[in-house]
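Protein sequences appear in the order of chains A and B.
Going left to right, the first sequence walks through residues 1 to 813 as the working numbering numbers them.
Going left to right, the second sequence walks through residues 814 to 1110 as the working numbering numbers them.
Think of the hints as simulated: they come from the structure by calculation, not from any bench.
Every residue, glycine too, gets a C-beta built ideally from N, C-alpha and C.
Watch out, some of these pointers could steer you wrong.
[Stated by the list, open to error] Stretch by stretch, here's where chain B covers chain A in the computed footprint (C-beta under 8 Å, at least three residues):
#1 606-617
#2 726-738
#3 797-803
[To be verified] Residues from chain A that keep clear of chain B, each with C-beta distances beyond 10 Å, as calculated:
#4 Asp448
#5 Gly506
#6 Tyr716
#7 Val720
#8 Asp749
#9 His757
[As the list claims (entries may be wrong)] Derived EDC-like pairs (lysine to aspartate or glutamate); straight-line CA-CA distance at most 20 Å:
#10 A:Lys801 / B:Glu843
#11 A:Lys739 / B:Glu1081
#12 A:Lys697 / A:Glu9
#13 A:Lys801 / A:Asp214
#14 A:Lys697 / A:Asp137
#15 A:Lys801 / B:Asp1074
#16 B:Lys856 / A:Asp734
#17 B:Lys856 / A:Glu128
#18 B:Lys856 / A:Glu9
#19 B:Lys856 / A:Glu15
These are the residues of each chain, in order.
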Amino acid sequence: MSIETIEAEEIDVEEVLGSAIERREDPELVTGEGVYTDDVQDPELAHMAVLRSQYGHAEIDGIDTSEAEAMDGVIGVYTAEDIDEAGTPGDLPVGWLLPDLKTPSHPILAGDRARYQGDGVAVVVAEERYLAHDALDRIDVDYERLDAVVDPKAAVEADAPQLHDWSEDPTDTDVRDDEDIERVPPNQAFDWEIGDSEATDEAFENAAHTVEVDLENQRLIPNAMEPRATVAEYKPGTGEVEVQMTSQNPHLHRQLMSAVLDVPEHKLHIVAPEVGGGFGSKIHHYPDEALTCWCAMQLERPVKWQATRSETYLTDAHGRDHVTHAELAMDDAGTITGMRVTTYAGMGAYLSTFAPSIPTYLYGTLLSGQYDIPAIHCNVIGSFTNGAPVDAYRGAGRPEALYVVERLVTLGAREMGMDPAAFRRQNFIPEDDFPHETPVAVVYDSGDYEPALDAALEMVEYEELRERQAELREEDRYLGIGFSSYIEACGLAPSELAGQLGAQAGLWESGLVRVHPSGTVTAFCGTSGHGQGHETTYAQIVSDELGVPYEDIEIVEGDTDEIPQGMGTYGSRSAAVGGSALATSSQKVVDKARTIAAHLLETGEEDLEFENGEFNVAGAPERSMTIQEVAQQAYLAHNIPEGVEPGLEETSFYDPENFTFPFGTHVAVVEVDPESGEIEFHQYAAVDDVGNQINPKIVEGQIHGGIAQGIGQALYEGAVYDDNGTLLTGSMQDYAVPKAEHVPNMETDATVTPAPHNPLGVKGVGEAGTIASPQAVVNAVTDALQPFDIDHIDMPLTEEKVWRAVNGSEEGS
Amino acid sequence: MYPAPFEYERAESVEDALSLMDEHSDSITELLAGGHSLLPTMKAGLATPDVVIDIGEIDALRGIENAEGSITVGALTPYSAVDDSETVWTETAVFADAAHHIGDVQVRNRGTVGGNIAHADPASDLPAALLAADGTVIAHGPDGERSIAADEFFEASYMTALAEDELLTRIELPKRGGHAGAYAKKPSPSSGYAIVGVAVVLETDGNTVTDARVAVNGAMDHAVRLEPVEEALSGESFTDETITTAAERATDDLDTAMVMDDLQASNEFRAQLVEVYTERALDTALDRSSVAPPAAD
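So here's chain A without its partners, still in its complex pose:
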C-alpha cells in the first residue's frame, strides 16, 4: 500500500503542492556525491581526538601528557588547564531555564572531576587520525574513583553520591539532621510542577475507580547514521573561524559557540554540510565541536574531529530516562475525572542545551492526550546522574507523556471492564469542543479524534480480530491488540510564550525568497535539514506560491553566512514554521510583483488576478505577465512604480501563534509466545492526522521511520549503565537498534484536519511515529497476556522480561 512517487516534470505547477514528488536530494546522497563533514579535505588538516574518562565518576588528581606530546606527529596535547590559561570561557550554556534550576558549570574539558564515562579529559591534535588515537593511550590520568549514581530516583535520595557541589555535604549528618535547614536533595536539578494539585487530589478522593502504574521510560541512545564531526579553520588575518559541523541548527550553534569561545558572532561562520541524521542529537552544543575550534585557533591550522561510533554512544545526548508513578481517576461510568503523575527525570551529568525543557514543558503539557480530563497534576523532579547528558531525542518529552497517558487509559478500560477503543472514544475531547484548553496549560487549536480511531479500527477489522483473539486463546495462543490514540505538539511557539516558559531563544523561523532576473528562484531557510527532504518539500511550497516550475527553484539551508538567521530543525517544526516562513516570503514577493505588474499593465492592483505564476487583468485575459517577466523588469528597473525598490526578493521572520497539534490512532496486533517470550507482529495500522500534506511520500517515510524507532524503544533498545556509571551497552553489539527484520509491515492512512493558524495548514510529522508507537506495542503485549493477569511490563519488552512476567518470576533483569 506504499505511496508511488512521481517525477515533478510529469505534473502541472498547480499540482506540485501535495504530490508525492521524488526526493530531489537522493541521487546525490545515494551515489556518494554528497559532502559530509568528514569528506571535507584540506592539505593542512590536523586531526583531533578526545581522551574520555573511563570512569563514571572520578576525581582527576593529575594528567601526564608528556609521553603523548613526545610522539612524532603529535602537534599538541591539551587539558582543562590549557583552556583556562588561554582565557577561554569554555563553559557550555544552558538554553532553557526553569525556576530554581541548578545550572552547574559544564566545562568543555573536565578539570578536577569527571562525572560520566565519556566526559572529555584531554585532547590530542596530530598529523593523522590514527596517530591522534594512538597518542590518547599514552596519556596518563591519575583517577581517584568516586561512588556513582545512575538511577534518576536514587540520585535524589539523601545518601546519594553528589555530582556537583552546591549544597551541604549529604554525608554530614549534623546538617542532615538539622530540620531548620531546608535542603535540596543532593542531585536535584529542579522540582517542577504543572496543573492544579488540589483539584486533582479532590478528583481522586471522589473517584469511583482508580488505576495506577509504576513505569520507566528507559534511557535511549540516538544513533544517527553519521557520528558527530567538526572541521574548523581559523584565519588569523581576519580573526574569523570557519566551521563545518554536523548541526541541526547552525545559527544556534554560532550563537552558543560565540559565548563558549569568546569569538564574536560575526566572526564565526558555521556551515552544516550534508548531515546524516540527528534525531535531536545534533541540536545541542557539545564540548567537542568547541574544542575543535579552540585547537584550530591555538594552532592556526585547520583541525578535524570525527567521532567514532563508540564516542557517539558515550557522548551524544541520550533520550528519555524517566521513572514515573501515574494514576488515573474515573467515575462509575468510566469517564476520566483526574490524572496524577510524578516523574523522576534523569538529566545525566550536566544540563545539555535544552535539557530542562524536555521533561517539563514538552512532557507535562501533553498529559491530557486526546482526552477531556478536568484535573491533571504533574510533578517532575530532574536529577543529575553519572550518565551522558539527556536532551531532546525524536519526540522529546512527548513520547514519555503519551506513553503515560495511553498506558493509564488502557489500564482504565481494563479496570472498567470496557473495550479499550470504546473507553477512549467515550473520553475523547469532542469534535465541537475546539479550541480546547487542557488543565496543563495548552490550548489545542483543532482536532477531530473519532475519524482516525474509526479508520484504524476498520483497517484491522477490529470486531473480527477480537473474535479471532478469543478463538486463539482456546488454543493457548495469545493474540493482543494495542491502541495508541496520541497527540503531539509541534513547532513550539510563539516566541513570547517560549520566553515566559524559560527558553533563552525565540522560536520563529526565517525564510528568504529570491527571484533571479531570469525568473528562477533560490529560497533560503533557517531550518537545517539532515535527511527530512526539505529541498523537495520547500521547493514544492515555493513553487505553489509563486507559480514557478519546481525545477526552477533551489533551496539553501545550513549556512550562517547565506541565510539571514535561523532556529534550525527539530521538534517537527520545519514544515510548520520554516515552511510557513517561506510561504509568507513568497506571498510578499507576489505582492511586490503585483505592484510592478499592475504598473506595467496599466491597471489597478485590485484588478489583477494571480494564478499559476501569471498576473491577468480581470476580464481581459490577453493582458497578462508572468512572474518571471515581472522579475526581469524588477531588476532592469527601467520602468517600475515610484517608491518601489528594484529587485524581487523578500524575507520574513515567521513566529507562529501556537503549537500545531497532530494526532492519530495506531493499532498494533501481536502474538506472544509465553514459552519463549517472543513477540510477533500480525499487523500494524497507523492513521495520522498531520494536517495538510506537502508531500505524502515524505510523510509516509517519516511515519514509517518513526514507528520503527518507537518499536525499537518498545522491544529492543535501552541504555544500561552499571552501578559505577560504566555504559554496558556501548555499541551496536549490545544495544539493539531495530533492523528491517524487526519491523512489521505498516499500513498507513490519514485524516486531514488542517492547522488553523499557519498559511499552509500543516502540522509536522517528524516525530509522530516515535510518539505513537511504543505504547501501541506495549498495550498489545499486555492485552495478549491478559489471561495471565499482567498489567504492565517495562520497556524494552525483551523476551526474557515477557517470559518472566508470564512465569511470575521475581528475579532477573
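Guided by the hints, dock chain B onto chain A, whose structure is given.
Using the frame of chain A, we list chain B on its own:
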C-alpha cells in the same frame, strides 16, 4: 575504532603460513582470513596483535569438495558458498542451515568456515553444527596434518584443540543422505550472534530414530552436545510427542550456574530457550524428514 599499529604479512601457501607463524612465534600473532571476528576485536582494542598473517589469498583452502563418504569444506570457504551448496544441504543439512543463519548477506559473503570454527566464539553458529554433523577438523602443523574429531575440538570460550603452531585447513563432514538435520537459532537482536542455537541430526529407519546428535551454541562457554536429548530420541518413533519429551530434557546435563549469563539473557532464561529451540530444531528436522506426513496445504 582505530586498531593499534601492527605488522602485516601475507601467506602465499599453507607452508608459507606455517613458516610465517614460526618466524613470528615470539610475537603475538593472529591469522586473518575473512576478518569478521578479528577486525572488530582489533578495532575495539580487544585484540592487539604484533603481527597479522593474512591467509585469505591461499586459494587451495577455498572450496567444497564432494568426496567419497564425506564433504570437505576448505577453511577459507565463505558461509555463502556453504549455504548455496545443494550438496551440503543434501548430505549434511544441519551445517548448511547453520551457515544460512550467520549474520547477513554481506557477512556470509566474507566470513569463512575455518575462521569461524578456529575462533570458537561460544555464540557462533557453526560449532554446534559441526558437533551435530559429527565433523572432523583437519589441522596442519610443522609435523604435517592431523585430524581432530569435533567432539574433541571445542574446549572453552575461544579455546580449541588447535596448537599455537597449527593452521586449520579444512573440515570434513560425513555424508548422511536420507538423514534429517536442522539448526534453530535465537539471534541476539543487537549483534545477530546466537543467544542459543540448537543443531540436530537424526538418522531414521522407517519412522524410528536410529541415531541422534544434538548440540547447542550460546548456552555454555563452548558448543556442547545435549546427550539426554539424544538418548530420549534414540530408538523412539519420530513424532511430535517424542520431540516434546526429548526437548524437555535439553538442560538435564547443563549446570545452570555455568550457563552463559549476560545482558542479552540470564542463565535461567537461556536454559529455557535451549528447551524451546531444541524443540523447534527437532520440529524442523521432522518436517524435512521422510517421516513427516505430506503437508496438508
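Looking at aspartate 448 (chain A) again, its CB stays over 10 Å from all of chain B? It holds; aspartate 448 (chain A) is separated from chain B by about 38 Å at its closest Cβ, greater than 10 Å.
Given the hint that lysine 856 (chain B) pairs with aspartate 734 (chain A), test it: the Cα-Cα distance must not exceed 20 Å. This hinted pair holds, its Cα atoms lying about 16 Å apart.
Determine whether the non-interface label on glycine 506 (chain A) survives the test: each CB of chain B must be over 10 Å from its CB. Per Cβ check, glycine 506 (chain A) is outside 10 Å of chain B; nearest 39 Å; holds.
Per-stretch coverage check for the stretch 726-738 of chain A, three Cβ contacts closer than 8 Å to chain B: Three-residue rule met by the stretch 726-738 of chain A, so holds; n is 10.
Is the hinted pair lysine 739 (chain A) and glutamate 1081 (chain B) satisfied, with a Cα-Cα distance of at most 20 Å? Roughly 27 Å between the alpha carbons, so the hint for lysine 739 (chain A) and glutamate 1081 (chain B) is violated.
Given the hinted pair lysine 801 (chain A) and aspartate 214 (chain A), is their Cα-Cα distance within 20 Å? holds (16 Å)
So if I understand the rule, the pair passes when the alpha-carbon distance is 20 Å or less; does lysine 697 (chain A) with glutamate 9 (chain A) pass? holds (17 Å)
Would the non-interface assignment of tyrosine 716 (chain A) survive a Cβ cutoff of 10 Å against chain B? With a cut-off of 10 Å, tyrosine 716 (chain A) comes too close to chain B, as the shortest Cβ separation is near 5 Å.
Does glutamate 15 (chain A) sit within 20 Å of lysine 856 (chain B), going by the straight-line distance between their CA atoms? violated (52 Å)
Lysine 801 (chain A) and aspartate 1074 (chain B): Cα distance at most 20 Å? Within the cut-off at roughly 15 Å; holds.
Does the claim that aspartate 749 (chain A) lies off the interface hold, with its Cβ farther than 10 Å from every Cβ of chain B? Nearest chain B Cβ is 29 Å from aspartate 749 (chain A), so the label holds.
Proposed proximity, glutamate 9 (chain A) with lysine 856 (chain B) (alpha carbon, max 20 Å): violated (48 Å)
Of the hints listed earlier, those the structure fails to meet are numbers 1, 6, 7, 10, 11, 14, 18, 19, in rising order.
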